[in-house]
Amino acid sequence: MSEVKFSKEHEWITLDGDVATIGITKHATEMLGDIVFAELPEKGSNVEKDGTAGVVESTKAASDVYTPVSGEVVDTNQSIVDDPAKINEDPEGGAWFFKLKIKDSSELDTLMNKEEYDKFAKETSS
Amino acid sequence: MEIKKTSLNKLHQSNNAKFVEFAGYEMPIQYSKGIIEEHKFTRSNSGIFDVSHMGQLFIYGDGSLTEELEKIFPLDLKNLKQNCSKYSFLMNEDAGIYDDLIITKIEEGYLIILNAACKDKDFEILSNLLGSKFKMNLDNNRSLIAIQGPKSVEILNSIINGVDQLNFMTGNWFDSNNQKLFVTRSGYTGEDGFEISIFNEEAEKFVENLIKKGAQLIGLGARDTLRLEAGLCLYGHELDINKTPIEANLRWAISKSRLSNGGFIGSKKIMNQMQDGASQIRVGIKPEGRLIAREKTKIFNDTDTPIGEITSGTFGPSVNGPIAMGYVNKEFSKVDTKILLEVRGKKHPASVCALPFYKKNYVKGVN
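Line by line, the protein sequences are chains A and B. Per my numbering, the very first residue in the first sequence carries number 1; after that it's consecutive. Per my numbering, the very first residue in the second sequence carries number 1001; after that it's consecutive.
Simulated from the structure, these hints should not be mistaken for laboratory data. Each hint can be trusted.
The calculated DSS-like cross-link candidates involving lysine-lysine, where the alpha carbons are at most 25 angstroms apart (straight line), are:
(1) K26/A <-> K1033/B
(2) K1018/B <-> K8/A
(3) K1212/B <-> K1018/B
(4) K1033/B <-> K86/A
(5) K60/A <-> K1005/B
(6) K1359/B <-> K60/A
(7) K1296/B <-> K1334/B
(8) K60/A <-> K1033/B
(9) K60/A <-> K1346/B
(10) K1018/B <-> K26/A
(11) K1346/B <-> K43/A
(12) K1018/B <-> K122/A
(13) K60/A <-> K1004/B
(14) K1086/B <-> K1256/B
(15) K122/A <-> K1010/B
(16) K101/A <-> K114/A
(17) K86/A <-> K1018/B
(18) K1018/B <-> K1033/B
(19) K60/A <-> K1018/B
(20) K1296/B <-> K1347/B
(21) K1347/B <-> K60/A
(22) K26/A <-> K122/A
(23) K26/A <-> K1040/B
(24) K1040/B <-> K60/A
(25) K1071/B <-> K1256/B
Output of the computed footprint for chain B on chain A, the stretches with three or more beta carbons under 8 angstroms from beta carbons of chain B:
(26) 24-37
(27) 59-72
So the derived list for chain B, only partly shown, Cβ under 7 angstroms to chain A, looks like this:
(28) G1034
(29) I1036
(30) R1290
(31) T1314
(32) F1315
Ideal Cβ placement from N, Cα and C applies to all residues, glycine included.
Bound-form chain B, shown alone (with noise of 0.2 angstroms):
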């Protein structure tokens, strides 16, 4: 199958970036700077990212459209107020995660932020549960833009005059020379900032604005350490179809009201497992000295016996140290609690520690 591009291939090639593939697509894993440089500069001024690899599935219907994704998703989103995020996931009757996504309420549907390498599969069960009776438009005519660190506020500002208003974990429709833009405050970083969805024969303009006014772009290699400093989950590392809500941790996504009465696919398991707790579960670790644990690394108790896996792990540039997430046995889970990792046939020291390694920068609320 032939690789796939943004519509922002031609800016990142000209802005000397180094390529992989991601999920079928041709994607920026740095620049000229480097990771560690990148992932500075997005902690310390702004940085621009694409992420118009993932889905963006419009889904439109009357009343009932809500009553029907309640069936789907472990969210209240008949109390949800129109324009307004959560962080939710698509499961399987197991519990099981298809996908970890964002789902937002806008006027006469939602819109729903998909990781690239699920969205078709996730369309397709989509469209499966819900039939015909809704318009779903995995929406391949927009690119997604997002702008991440302390200073992106004013710069987004500069350029979509009322970014400046929103609210974190709310967007709106915006008008920006002549094109309808749905901005978003949120990210993946850590960090302030916003995603920007937009018509791909804009975006390159748009970007090209955005690095005129200071932001620079950041691949996806920096993505990655910032998204691990903040504690936040990637799929197919710290999620996939073999884990559920309550082992990734992520309880405070599920909805309360939602957790009494269930009726959501894959409530069985997920109050049996809020009930009698999950056997495994997903925990920051923090490895002593400079060492480096990867994805897949074991992990030991004191008396070498495995309790567990490392699914992310790299060199965390803010903290200045190496840091990683994993799963293990739900005794070893506390904080503080030492193990063992075992890299390259040595068993080194490291702790069990809170997440996140880098304390947030969210805008709670400006109005």
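Just chain A, with the same shape it has in the complex (with noise of 0.2 angstroms):
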């Protein structure tokens, strides 16, 4: 399994083979505050680099969800769908989004390693 990557957006990925699995940061589920509403792309479907790839809702309002790397959607998660409280309580791991078939590792060269995120999520939240 690779190092954790982050994008702008506040999403995460890892990579395992070609296979990347993503969710949202702890960062943005604090911004977000309780979440009620969990929306994700189809299996099989292919999404785009910085494109739109599913939404959330808190109390407050919708967000969408963006996927960093482009590729084929081969796994989503439903019990988060089903219970969405659960994106609060553990968004880096068990509250994944979606599995990705990458097309090209090189697109998570342009993300932000840990310490590059925190430091990014610090000075855009102030």
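Quick one: dock chain against chain with the hints and give me the complex.
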């Protein structure tokens, strides 16, 4: 399993072979507040880097979820659709959103590592 | 314009409030526990709400004041007993709603609680209507604190002895700490509770005392989910200048005796709509599944004809599902009517439902 990488849209991504697992960061969940709804991309569909690949809604508002890399959706996490509160509880673990068979691993090179992301999150939230 | 702060602003800060601007005020949307926890705490225990941004308008005058106010409000104020409160509205000639409000008869006058975003305009409208005959004071020296939820009576009574004797929608002056407080048994959460009008300099100490007794600060976020579960209207969403009380399904708030004779601003339109019915009406809406339909979501019938729009929609923590209110054409306003909600370009099934979503726990009478 590769190092965790992060996007400016507050998604995290790990790579295992050519399959990436993607979710939203703890920092994102803290900004959103209590998440009460999640919508995921369809299995078998193709998503493009930085394109919309889902929706989360908190008690306050709806937010799009973007994919940091392009690929084919090979799996989705139905458990967060059934119980969206899991996203607040374990955003960077059990509450992953979807898995992609990636097209181009070089797309990951543009993403941030943990240290860079923490700095970015701190700067953009204040 | 500089953002206004209530007398509890420092206390909100020290309780880790997340702030938003609301009607020109810096107000707490939530504290560290979050909207759902705050909502549930209010339903099971006792929540404190800073509603000091709302207007507290005191109007004093002789017997002719009641007569003049009856020309404005659709209420039987002559028969309203002292210390009793009524929900009402300030309307224009077309029965469009400038504001919804609570009016309480007090010694030698009335206290009217107004929405924050509307209070200055309301004051101007009422001043023009009433002239200079009466003393009107939109009191900035007082804060307004609401305490809501089943444990509130016990907590508040331990600080202000005697409030447990108030019936729902009544109020009175109380002495506490040599201060004159006006307390009403009322609120906007669907729970038993009180609203306390208190001098600004005493407010922080008073709320700290409530917290010591077990109540917790609750933000505007939970206030919104609580009122929506209780099926209550929020000005600027369910109510505005283009909606009438009949369309808003608030006929119950108009005194029966005033419906037959009219004589208040907007009465002609109200009486016409009573006879002919309004073309659109406010209803409760239950989306299927977990879908949340927010304000401005378009509503369709099963043949894809637009029939209305959502005015408020969120997740109801106590009903554990999505809830909404909106306006639909009259013929689709019956409970259980199947409708479609367009969210993110797709139409999703929902149905018209009875209000409230959450059953009220108001205290009807204690004495």
